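Asks: The listed protein sequences derive, respectively, from chains A and B. Mapping of the first sequence onto my numbering: residues 1 to 516, in sequence order. Mapping of the second sequence onto my numbering: residues 1 to 505, in sequence order.
If you are wondering where the hints come from, they were derived from the structure by calculation, not from laboratory data. There's no promise every hint is true.
In the DMTMM-like style, the derived pairs of lysine to aspartate or glutamate whose C-alpha atoms are separated by at most 25 Å in a straight line are [claimed, not checked]:
1. A/K431 with B/D455
2. B/K113 with A/E434
3. A/K431 with B/E161
4. A/K431 with B/E111
5. B/K364 with B/D455
6. B/K169 with A/E434
7. B/K113 with A/E514
8. A/K431 with A/E478
Some chain A residues judged to face chain B by a derived CB distance under 7 Å, without partners named [unchecked claim]:
9. L63
10. I390
11. P391
12. Q404
13. V407
14. D408
15. L419
16. S422
17. L423
18. L424
19. A426
20. L438
21. A441
22. E506
Stretches of chain B that chain A covers, calculated by requiring three or more beta carbons in the stretch to come under 8 Å of a beta carbon on chain A [unchecked claim]:
23. 63-74
24. 143-155
Remember, predicted model here, so these are calculated numbers, not experimental data. Glycine included, C-beta positions come from ideal geometry on N, C-alpha and C.
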Amino acid sequence: MEQQLPAFIVGAPLLFSVIVPILGRKWRQSAFVISVATVAVAAVASALSLERVLRDGTFRYYLGGWEPPVGIEWVIDEVAAVVSLVVTSVSLLVLVSTRRWAEREAGDRPGVFYGLVLLLLAGLTGIVITGDLFNLFVFLEIASLAAYALVFIGGRRAMLAGFRYLIIGSIGGAFYLLGVGFIYFATGTLNMIEARQLLVEAESTRAVQVGAVFIFTGLGLKMALVPMHLWLPDAYEHAPSSVNSLIAPVMTKVAAYAMLRMFLSVFPPGYLSGAVPVADALLILGLVGIVFGSVAAAGQTDIRRMLAYSSISQLAFIAVGIGLGTPLALAAALLHVVNHAAMKATLFLATASVRFRVGLQRTHNLAGLGPRMPLTMGAFAVGSVAMVGIPPTAGFFSKWYMVQAGVDQGQWVVVVVVLLSSLLTAVYLFKVLEQVYLRPAKPEPSAHHDDEHDSPVDSAPQPAEQEAIRPVVERAREAPWDIWVPLVLLAAATVILGVFNVVIMEHVLLPGVEVS
Amino acid sequence: MSETTASALPLAAVLVPVGAAMLASLTTGRWPNLRDAWATLAGIAMVAITVVMLTDTLDGRIHRTVLLELSPGIDIALRADPAGMIFGLLVSVLWVLAGVYAVGYMRGEHEQKQTRFFTAFALSIATVAGVALAENLLTFVLFYELLSLFTYPLVTHRETETALVAGRKYLAYTLSGGLMLIGATAWLHVLGVDATFQAGGFLDGAGLDSATQWGLFVLLAGGVGVKAGVMPLHSWLPSAMVAPTPVSALLHAVAVVKAGVFGMVRVGVFVFGAALLDDMGAWLVLAVMSAGTLLIASILALRHDNLKRRLAYSTISHLSYIVLGVALIGPLALTGALLHIVGHGVTKITLFFVAGAIHVRTHKENVSDLDGIGRQMPITMGSFALASLSMVGIPPFILFTSKLYLGWGAVEVGQQVFLIVYLVSGLLAAGYLFPIVIRAFLRSSPDHTRYGEADVRMVAPIAVTAILALVWGIAPDLPLGFFELASTVADAAFPQSVALAGGTP
Numbered sequence: 001m002e003q004q005l006p007a008f009i010v011g012a013p014l015l016f017s018v019i020v021p022i023l024g025r026k027w028r029q030s031a032f033v034i035s036v037a038t039v040a041v042a043a044v045a046s047a048l049s050l051e052r053v054l055r056d057g058t059f060r061y062y063l064g065g066w067e068p069p070v071g072i073e074w075v076i077d078e079v080a081a082v083v084s085l086v087v088t089s090v091s092l093l094v095l096v097s098t099r100r101w102a103e104r105e106a107g108d109r110p111g112v113f114y115g116l117v118l119l120l121l122a123g124l125t126g127i128v129i130t131g132d133l134f135n136l137f138v139f140l141e142i143a144s145l146a147a148y149a150l151v152f153i154g155g156r157r158a159m160l161a162g163f164r165y166l167i168i169g170s171i172g173g174a175f176y177l178l179g180v181g182f183i184y185f186a187t188g189t190l191n192m193i194e195a196r197q198l199l200v201e202a203e204s205t206r207a208v209q210v211g212a213v214f215i216f217t218g219l220g221l222k223m224a225l226v227p228m229h230l231w232l233p234d235a236y237e238h239a240p241s242s243v244n245s246l247i248a249p250v251m252t253k254v255a256a257y258a259m260l261r262m263f264l265s266v267f268p269p270g271y272l273s274g275a276v277p278v279a280d281a282l283l284i285l286g287l288v289g290i291v292f293g294s295v296a297a298a299g300q301t302d303i304r305r306m307l308a309y310s311s312i313s314q315l316a317f318i319a320v321g322i323g324l325g326t327p328l329a330l331a332a333a334l335l336h337v338v339n340h341a342a343m344k345a346t347l348f349l350a351t352a353s354v355r356f357r358v359g360l361q362r363t364h365n366l367a368g369l370g371p372r373m374p375l376t377m378g379a380f381a382v383g384s385v386a387m388v389g390i391p392p393t394a395g396f397f398s399k400w401y402m403v404q405a406g407v408d409q410g411q412w413v414v415v416v417v418v419l420l421s422s423l424l425t426a427v428y429l430f431k432v433l434e435q436v437y438l439r440p441a442k443p444e445p446s447a448h449h450d451d452e453h454d455s456p457v458d459s460a461p462q463p464a465e466q467e468a469i470r471p472v473v474e475r476a477r478e479a480p481w482d483i484w485v486p487l488v489l490l491a492a493a494t495v496i497l498g499v500f501n502v503v504i505m506e507h508v509l510l511p512g513v514e515v516s
Numbered sequence: 001m002s003e004t005t006a007s008a009l010p011l012a013a014v015l016v017p018v019g020a021a022m023l024a025s026l027t028t029g030r031w032p033n034l035r036d037a038w039a040t041l042a043g044i045a046m047v048a049i050t051v052v053m054l055t056d057t058l059d060g061r062i063h064r065t066v067l068l069e070l071s072p073g074i075d076i077a078l079r080a081d082p083a084g085m086i087f088g089l090l091v092s093v094l095w096v097l098a099g100v101y102a103v104g105y106m107r108g109e110h111e112q113k114q115t116r117f118f119t120a121f122a123l124s125i126a127t128v129a130g131v132a133l134a135e136n137l138l139t140f141v142l143f144y145e146l147l148s149l150f151t152y153p154l155v156t157h158r159e160t161e162t163a164l165v166a167g168r169k170y171l172a173y174t175l176s177g178g179l180m181l182i183g184a185t186a187w188l189h190v191l192g193v194d195a196t197f198q199a200g201g202f203l204d205g206a207g208l209d210s211a212t213q214w215g216l217f218v219l220l221a222g223g224v225g226v227k228a229g230v231m232p233l234h235s236w237l238p239s240a241m242v243a244p245t246p247v248s249a250l251l252h253a254v255a256v257v258k259a260g261v262f263g264m265v266r267v268g269v270f271v272f273g274a275a276l277l278d279d280m281g282a283w284l285v286l287a288v289m290s291a292g293t294l295l296i297a298s299i300l301a302l303r304h305d306n307l308k309r310r311l312a313y314s315t316i317s318h319l320s321y322i323v324l325g326v327a328l329i330g331p332l333a334l335t336g337a338l339l340h341i342v343g344h345g346v347t348k349i350t351l352f353f354v355a356g357a358i359h360v361r362t363h364k365e366n367v368s369d370l371d372g373i374g375r376q377m378p379i380t381m382g383s384f385a386l387a388s389l390s391m392v393g394i395p396p397f398i399l400f401t402s403k404l405y406l407g408w409g410a411v412e413v414g415q416q417v418f419l420i421v422y423l424v425s426g427l428l429a430a431g432y433l434f435p436i437v438i439r440a441f442l443r444s445s446p447d448h449t450r451y452g453e454a455d456v457r458m459v460a461p462i463a464v465t466a467i468l469a470l471v472w473g474i475a476p477d478l479p480l481g482f483f484e485l486a487s488t489v490a491d492a493a494f495p496q497s498v499a500l501a502g503g504t505p
């Protein structure tokens with residue numbers, strides 16, 4: 001049984017992604033229930049895997065019983081287990097919290113919607129635990145295709161954004177595949193561990209170097225590394241609320257994880273800083289991205305777009321950690337993968353909750369919401385503080401370890417930029433908090449800038465839901481409990497992850513990056 | 001010499017205000033009397049806790065709480081050491097008084113959102129207690145950052161455009177300061193230095209090269225220098241005066257800025273230590289900057305007509321008294337600096353309380369409008385006069401005692417020029433405070449409105465703090481042992497000159 005855990009993590013969502021649409025046609029309510037149950041199973045399986053890894057060390061799962069090099073192997077080490085736990089549990093909370101949005105946005109085909117969500121999750125967890133380069137590509141494409149389809153649900157503007165996402169995402173996938181091809185030609189294997197051993201022995205040939213560049217370009221596109229980020233803001237802004245709360249916290253993070261996996265398990269240390277300075281490129285693009293993302297976020301008026309640019313900045317932070325490449329830096333990057341998933345999920349869910357009640361998303365229209373939606377906005381505030389990195393919240397500690405790694409390597413630019421990013425984050429998030437808590441509610445949403453569509457009507461409620469949506473802030477009230485409970489849990493997680501970060505760092509992340 | 005005992009009391013000192021904040025926010029404006037009582041009750045509990053710890057600290061038994069590991073190898077640890085106790089005692093005593101005063105003020109001014117105010121106020125006090133009792137640099141940074149966060153809603157309380165702008169400026173300054181500290185703390189951790197505060201300095205003998213020492217010094221001193229209002233990092237402070245007066249009084253005259261200067265004491269004495277500051281020559285940088293601040297701020301105070309702004313510049317000036325006292329690296333100067341933390345706290349809070357009381361009664365903010373106010377609010381303005389005497393350094397007020405030690409300390413280390421700085425600044429203080437007293441008592445009121453004293457909840461704290469400034473001046477050990485604590489710190493920091501520091505004036 002215990003040996004089969006990986007099958008539950010990836011297999012359960014994959015299997016039910018097919019079953020849910022079929023059942024959903026006949027019994028609409030079943031789609032949500034089955035999906036949540038499936039994701040819960042995957043989360044529990046991830047937790048059990050983590051427990052087992054901590055007890056017995058890394059374990060492997062041979063797909064269909066075929067051992068490598070013939071078959072595909074899934075490898076669950078500390079890092080994979082913890083990231084998979086984060087992906088599944090954050091998704092679980094998001095799914096519960098966005099149920100009402102999904103009902104509204106998925107229209108009369110909830111089965112298809114939830115089927116795609118499960119497909120997305122199967123892809124993401126697959127990326128996390130696979131130990132095979134080509135298998136990773138397969139899961140990457142599964143996740144991406146599901147994500148394109150989910151973005152398309154958002155309506156006409158989302159079509160365009162989703163199309164761009166699709167094109168760029170496919171190019172990213174193709175680059176990655178091409179890179180894997182080069183590695184395969186050079187080593188004759190697709191298994192990560194074997195490839196690594198062969199690469200250690202073999203000299204750094206031009207073919208491998210080219211392969212590395214392709215892989216990093218491909219994954220860089222997927223993780224929206226500046227200047228390959230152009231698809232992300234539109235996709236996040238126009239995607240339906242039930243979708244962007246799901247893909248923003250986990251999707252790009254998993255791409256970043258895949259990038260990290262290349263460093264941990266495929267390319268030997270030092271391999272990527274010699275003839276082909278991939279590590280340096282990541283470092284530089286990361287530093288530029290941190291600043292660019294934050295500055296761009298500060299200029300946004302749409303809160304979802306602001307959070308999208310913020311994600312670009314935070315992903316760049318992870319890239320910096322990978323680029324530094326020391327165990328501490330990698331652990332810090334992984335910690336940020338975990339932390340940012342919780343923080344971004346909090347912020348996006350709070351945004352969705354606000355839109356659910358008042359249908360507004362322009363930052364300057366949110367004035368006065370603080371006292372009227374205390375739990376939602378309280379969670380948003382906690383998430384913001386965590387993003388800024390005030391101790392003892394989670395965001396502080398990723399910065400704290402990253403600064404240490406920077407000092408350790410004598411990379412003073414990293415130290416300065418990482419510290420400065422705190423301040424830049426404060427600029428755009430406190431701008432929102434200032435509106436929410438310190439300004440009086442406006443009687444009507446103001447219609448300057450380009451927000452002719454930022455009216456409560458925009459969210460196009462179903463007629464039955466019309467009652468739930470109050471057009472103006474002054475009459476706003478707290479979201480229903482099934483929206484705010486997961487939200488508050490996530491906000492609490494951002495504090496708990498910070499206070500008990502040592503447990504994660506010492507027992508999971510640091511050993512996880514040392515082993516490889 | 002001193003032993004540490006595991007105890008929950010330091011933690012309790014931090015948690016009591018947190019509890020008050022929670023209770024206040026749960027009670028809400030539906031039961032305003034109950035809500036506002038929590039702060040006072042918690043204040044009294046906090047005083048009791050600190051006094052219990054004090055007796056043990058004076059006996060050489062240091063209470064210590066270790067909470068949990070915050071980063072591999074670094075605990076959140078609180079410790080009631082003598083230096084921290086000075087600050088902790090001061091804050092808890094003044095919180096009781098400010099708590100009472102705040103009720104009178106907030107109701108008198110009909111301020112909005114009082115629940116948020118009292119909640120944030122109590123949380124700020126909790127973090128100040130944490131700053132005071134932090135045992136190591138990371139714990140210090142943790143509370144220092146939280147302090148910036150919790151005071152932000154207080155600065156912006158009025159929700160006017162000016163308040164919001166002041167709030168942004170406040171955050172930008174204090175968060176930047178915090179980031180410098182974080183950078184330095186991480187750096188120290190990478191260097192493998194155990195950043196537990198230690199009298200005499202944990203960096204002394206750590207074998208760091210000169211560039212590293214200077215880098216750390218700039219980050220640490222700059223980080224705490226922001227809240228200590230050392231020029232050119234001071235400009236948030238006058239802007240923050242837009243906050244309601246109890247905030248200006250307790251936080252921006254006592255708690256927040258004192259967290260800055262207290263941090264300077266920690267950095268100067270417990271991180272670097274006298275010997276290292278002397279070797280590096282860093283003391284001179286600190287001394288020149290603080291001496292400059294001290295004089296410039298005093299001069300700027302002269303030309304501000306707005307009472308609170310004038311007091312703000314006076315605060316900047318007096319904070320640098322303390323920083324200079326630390327920079328002079330002598331036992332007497334350090335004793336004086338620590339006493340000055342107490343003395344300036346209790347004196348300046350009186351002045352701010354008075355400014356608030358005047359505003360509640362008369363809505364006057366400018367010095368030039370205060371003609372004749374003394375005869376109408378005799379207790380209030382009488383307290384103002386007492387506090388002004390203390391500020392200028394007239395015996396037997398507490399600031400005379402502290403300035404005596406500071407000046408004596410300057411002479412002790414052979415830096416007479418700084419003695420002159422102290423004296424000149426004392427004269428300037430007379431220049432910006434005495435005219436107010438003279439106007440209040442000797443001129444007659446232009447409009448013939450008769451204002452009475454403010455609410456008793458405001459007048460009583462004012463009188464108490466003014467009397468404390470006098471009592472502590474005559475007997476600084478009564479009843480809280482401030483002098484004994486200060487000289488204990490000085491003895492520990494300068495073991496070679498115990499005999500000198502033990503002397504009495």
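Asks: For the pair supplied as a hint, B/K169 and A/E434, is the alpha-carbon distance within the 25 Å limit?
Replies: Given that 25 Å is the threshold and the Cα spacing comes to 13 Å, the pair holds.
Asks: Residue count check for the segment 63-74 of chain B against chain A: does it reach three with CB-CB under 8 Å?
Replies: Our answer is that it holds, as 5 residues pass the Cβ test (under 8 Å) against chain A, meeting three.
Asks: Against chain B, is A/L438 within 7 Å by beta-carbon distance?
Replies: 5 Å, holds
Asks: Against chain B, with CB atoms and a cut of 7 Å, does the hint on A/L419 hold up?
Replies: With a closest approach of 4 Å, the A/L419 hint holds.
Asks: Using 7 Å as the Cβ threshold, decide whether A/V407 counts as touching chain B.
Replies: 4 Å, holds
Asks: Taken at face value, is the distance from the CA of A/E478 to the CA of A/K431 at most 25 Å?
Replies: The given pair, whose Cα atoms are some 22 Å apart, holds under the 25 Å limit.
Asks: Can we keep the A/S422 interface hint, with Cβ of chain B closer than 7 Å?
Replies: 6 Å, holds
Asks: At a threshold of 7 Å, is the proposed contact between A/L63 and chain B supported by beta-carbon distances?
Replies: Violated, because the Cβ-Cβ distance from A/L63 to chain B comes to roughly 37 Å (cut-off 7 Å).
Asks: Would you settle whether the hint for A/Q404 is holds or violated, based on the nearest Cβ-Cβ distance to chain B being less than 7 Å?
Replies: 5 Å, holds
Asks: Does A/D408 pass the interface check with chain B, least Cβ-Cβ distance below 7 Å?
Replies: 5 Å, holds
Asks: Given a cut of 7 Å on the nearest C-beta pair, is the interface hint for A/A426 held or broken against chain B?
Replies: 6 Å, holds
Asks: Does A/P391 hold up as a contact with chain B if the rule is Cβ-Cβ below 7 Å?
Replies: Given a least distance of 4 Å, the restraint on A/P391 holds.
The structure does not agree with the numbered hints 1, 7, 9, 18, 21 stated previously, though it agrees with the rest.
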